[in-house]
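Peer 1: What follows is the residue order along each chain.
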Amino acid sequence: MAEQAGSVASLAFPGSRSGETPLARALTTPQGRIGARILLVAILLLAWEFAPVGKGTGFWLSKPSLVAGTIWQWILDGTLRVHLQATLAVMAEGYVTGCLAGIGIGIVLGLVPRLHRVVSPFLAGFYAMPKIALAPLFIILLGVGDLSKVALVAITVFFLVVTNTIEGVRDVDRDLVRSLTLMGATRVEVIRKVVVRSALPWIFTGMRIAVRYAFTNTLLAELIAANRGLGFLIEFNSGNFNITGAYAGIAVLVLCSVLLTELLSRLEARVSRWRG
Amino acid sequence: MDQIAPAPTQSRKRDDPAKIRLVGAGKTFQVRGTELEALKPVDLGVGGEEFVALVGPSGCGKSTILNLVAGLLAPSAGQVLYDGEPVTGPNRRVGYLTQKDTLLPWRSTADNIRISLELKCRATPRAEATDRVAQMMELVGLRGFEHHYPAELSGGMRKRAALARTLIYEPETLLMDEPFGALDAQLKLLMLDQLQRLTRHRRMTVLFVTHDLGEAITLADRIVVVSARPGRIRAVHEVRLPRPRDVFTIRFSEDFARQHERLWDELKDDIIKGTDV
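Sequence order for the protein chains is A and B.
Take our numbering: the last position of the first sequence gets the number 276, and nothing is skipped along the way.
Take our numbering: the last position of the second sequence gets the number 1277, and nothing is skipped along the way.
The set of hints was computed from the structure by calculation and includes no laboratory data.
There could be a bad hint or two in this list.
[To be verified] Calculated lysine to any residue pairs in the SDA-like style (CA-CA distance at most 25 Å, straight line):
{"hint": "1", "chain 1": "B", "residue 1": "Lys1100", "chain 2": "A", "residue 2": "Lys63"}
{"hint": "2", "chain 1": "B", "residue 1": "Lys1120", "chain 2": "A", "residue 2": "Lys63"}
{"hint": "3", "chain 1": "A", "residue 1": "Lys193", "chain 2": "B", "residue 2": "His1148"}
{"hint": "4", "chain 1": "B", "residue 1": "Lys1188", "chain 2": "A", "residue 2": "Leu76"}
{"hint": "5", "chain 1": "A", "residue 1": "Lys193", "chain 2": "B", "residue 2": "Arg1092"}
{"hint": "6", "chain 1": "A", "residue 1": "Lys193", "chain 2": "B", "residue 2": "Lys1040"}
{"hint": "7", "chain 1": "A", "residue 1": "Lys193", "chain 2": "B", "residue 2": "Ser1058"}
{"hint": "8", "chain 1": "B", "residue 1": "Lys1040", "chain 2": "B", "residue 2": "Glu1152"}
{"hint": "9", "chain 1": "B", "residue 1": "Lys1100", "chain 2": "B", "residue 2": "Ala1127"}
{"hint": "10", "chain 1": "A", "residue 1": "Lys193", "chain 2": "B", "residue 2": "Gly1155"}
{"hint": "11", "chain 1": "A", "residue 1": "Lys193", "chain 2": "B", "residue 2": "Leu1190"}
{"hint": "12", "chain 1": "B", "residue 1": "Lys1188", "chain 2": "A", "residue 2": "Ala89"}
{"hint": "13", "chain 1": "B", "residue 1": "Lys1188", "chain 2": "B", "residue 2": "Arg1232"}
{"hint": "14", "chain 1": "A", "residue 1": "Lys63", "chain 2": "A", "residue 2": "Leu76"}
{"hint": "15", "chain 1": "A", "residue 1": "Lys193", "chain 2": "B", "residue 2": "Asp1265"}
{"hint": "16", "chain 1": "B", "residue 1": "Lys1100", "chain 2": "B", "residue 2": "Arg1243"}
{"hint": "17", "chain 1": "A", "residue 1": "Lys193", "chain 2": "B", "residue 2": "Phe1145"}
{"hint": "18", "chain 1": "B", "residue 1": "Lys1100", "chain 2": "A", "residue 2": "Leu76"}
{"hint": "19", "chain 1": "A", "residue 1": "Lys193", "chain 2": "B", "residue 2": "Asp1212"}
[What the hints assert, rightly or not] Only some residues are given here: those of chain B computed to face chain A with a beta carbon under 10 Å:
{"hint": "20", "residue": "Arg1032"}
{"hint": "21", "residue": "Ile1115"}
{"hint": "22", "residue": "Cys1121"}
{"hint": "23", "residue": "Asp1184"}
{"hint": "24", "residue": "Lys1188"}
Because the structure is a prediction, the values reported are computed rather than measured.
Heads up, the beta-carbon is just placed ideally off N, CA and C, and yes, glycines get one too.
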């Protein structure tokens, strides 16, 4: 990574390597980059903390120290745990349901092209539709509780995963299927050992993209109508003009997104090892 | 996936001694609306335990013949019989080593070679399978590469892994499509030696496609010369060299040279005619 970054830089500015300042050179090492990120955040937070404000603007702007204090308070009194748990539970339930249905139905549709040709316009239509538009409907049908949000997340995840699974199954190398068939493999064995396995990278790609959509739609659904969850926390605090609380909710959200992204890219790197 | 018809088992009609028989079997492909005749109707019989080589210029329909016997293609004319029964679907009695190695990219070399032993039809205890895989890897000179993925092997190594994967389950008939094209000369001789030992020892029937006349003479009982597209059988040569043959020195014998010359006379017109050999 470090070398790559360096070579890109020297491509962009030929001959600039020798004239680099120590600071610029420090940025090519992983430690240097992490240090620079911390510095960047620190500068922004300090600027925010000590921004010259009057009494009115101070209320709307709040301060990082106040935000941190609120988060600390939430940790102590259990508020954070309750809302975080609610959000993650909805997201996880919807995600798992959507993935299971998407993979199962995707494999069937991938294996039976005749069936797939019948339903593909519907799949394409629903795939393109922003699923969040269904949220108000689901709330009417399934109530303000978790169920409506789980359903929304599951539907979102389903269409992403099913599309990729179908593509993956259809992409299977026919020659691999033939060679296993000649060896005497049954249809089930061919599906298990070749078709599903070769579709896995596709399925994982769909699942990875779906995590972000699941997270986003959980939050959006909570913003629309909920009585707990991170989305509710943000919405509730800004509704009550508790600006510091709203910022605190957003800060927790940002942290969650960063952790989620990091987790996913690590999983991805581990799964695709055989690709030489 | 293709519909799979069960292969006929244990119903040999012994009035025809041939293991494989093509009866006026031809193949025509539809390519963008036009008809392309890959193989003119041919007649060919391969006896049980016989080693037959198909030689001829590239694109002459040699691979088509193998695909017909394997049941991966249906003939557009005539019939293909195996043990006297028409081949109507994937022929599970043959091991087919295609030109393209069909190793599973997500399995290590050892796991690729093992795969046939994992199937229900020849389920093998784990310890025994591991032993046989180790033996096979030794045989094709891949020891030390058990945990490498196919993408980490050279072209020649992948070919050998594919060969090991086919030989390990000892099919009664072996179809091979230029299996040693990518190997260097020394390694090729070693593999020919192993192949001869194994197929003779296990009494396999072999139908072997090659463009290397020397390879064909070294291994085969009969050599079938196929002419340029549309393929048809131009001549059949008996190879009258005693067995077992020493693959390393037989090339230097007089008989071998004579065979080679006769074959070359058959083939050169086709080759000079400007095919892509």
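Peer 1: Next step is simple, just say for each hint if it's right about the structure.
Peer 2: Results of checking the hints against the structure:
Pair hint Lys1100(B) plus Lys63(A) does not hold up; C-alpha atoms about 66 Å apart against a cutoff of 25 Å. Distance restraint check for Lys1120(B) and Lys63(A): the Cα-Cα separation of roughly 68 Å exceeds the 25 Å cut-off, and the hinted pair is therefore not satisfied. Restraint check for Lys193(A) and His1148(B): the C-alpha separation of about 19 Å stays at or below 25 Å, so the hint holds. Taking the CA atoms of Lys1188(B) and Leu76(A), the gap is about 74 Å. The hint is violated against a cut of 25 Å.
Only pairs whose Cα atoms come within 25 Å are accepted, and Lys193(A) paired with Arg1092(B) is accepted, the gap being roughly 18 Å. Our distance criterion of 25 Å between C-alpha atoms is broken by Lys193(A) and Lys1040(B), whose separation comes to about 37 Å. Between Lys193(A) and Ser1058(B) the alpha-carbon distance is near 33 Å, which puts this suggested pair outside the 25 Å criterion. For the given pair, Lys1040(B) sits about 41 Å from Glu1152(B) by alpha-carbon distance, which is inconsistent with the 25 Å threshold.
Straight-line distance between C-alpha atoms of Lys1100(B) and Ala1127(B) comes to about 30 Å, which puts the hinted pair past the 25 Å bound. For the given pair, Lys193(A) sits about 24 Å from Gly1155(B) by alpha-carbon distance, which is consistent with the 25 Å threshold. Of the pairs offered as hints, the one joining Lys193(A) and Leu1190(B) is violated, with about 32 Å between alpha carbons and a cut-off of 25 Å exceeded. A distance of roughly 61 Å separates the Cα atoms of Lys1188(B) and Ala89(A); the hinted pair therefore is violated under the 25 Å criterion.
Distance restraint check for Lys1188(B) and Arg1232(B): the Cα-Cα separation of roughly 28 Å exceeds the 25 Å cut-off, and the hinted pair is therefore not satisfied. Taken as a hint, the Lys63(A) and Leu76(A) pair is honoured in the structure, with Cα atoms around 20 Å apart against an allowance of 25 Å. A threshold of 25 Å between alpha carbons decides the hint, and for Lys193(A) with Asp1265(B) the separation of about 48 Å lies outside it, so the pair is violated. Note on Lys1100(B) and Arg1243(B): the hinted pairing is violated, with a Cα-Cα distance of about 31 Å set against a maximum of 25 Å.
Annotation: proposed proximity of Lys193(A) to Phe1145(B) holds, straight-line Cα distance about 22 Å (limit 25 Å). For the proposed pair Lys1100(B) and Leu76(A), the alpha carbon gap of about 64 Å is over 25 Å, so the pair is violated. Restraint check for Lys193(A) and Asp1212(B): not satisfied, since their Cα atoms lie roughly 35 Å apart, outside the 25 Å limit. Look at Arg1032(B): its Cβ only gets to about 20 Å from chain A, farther than 10 Å, so that hint breaks.
Here the hint on Ile1115(B) is kept, as its CB sits about 7 Å from the closest CB of chain A, short of 10 Å. Satisfaction of the interface hint for Cys1121(B) is found here, the shortest Cβ-Cβ separation to chain A being roughly 4 Å, below the 10 Å cut-off. With 10 Å as the threshold, the beta carbon of Asp1184(B) stays out of range of chain A, its nearest partner Cβ sitting at about 22 Å, so the hint is violated. With a least beta-carbon distance of about 23 Å to chain A, the hint placing Lys1188(B) at the interface is violated under the 10 Å criterion.
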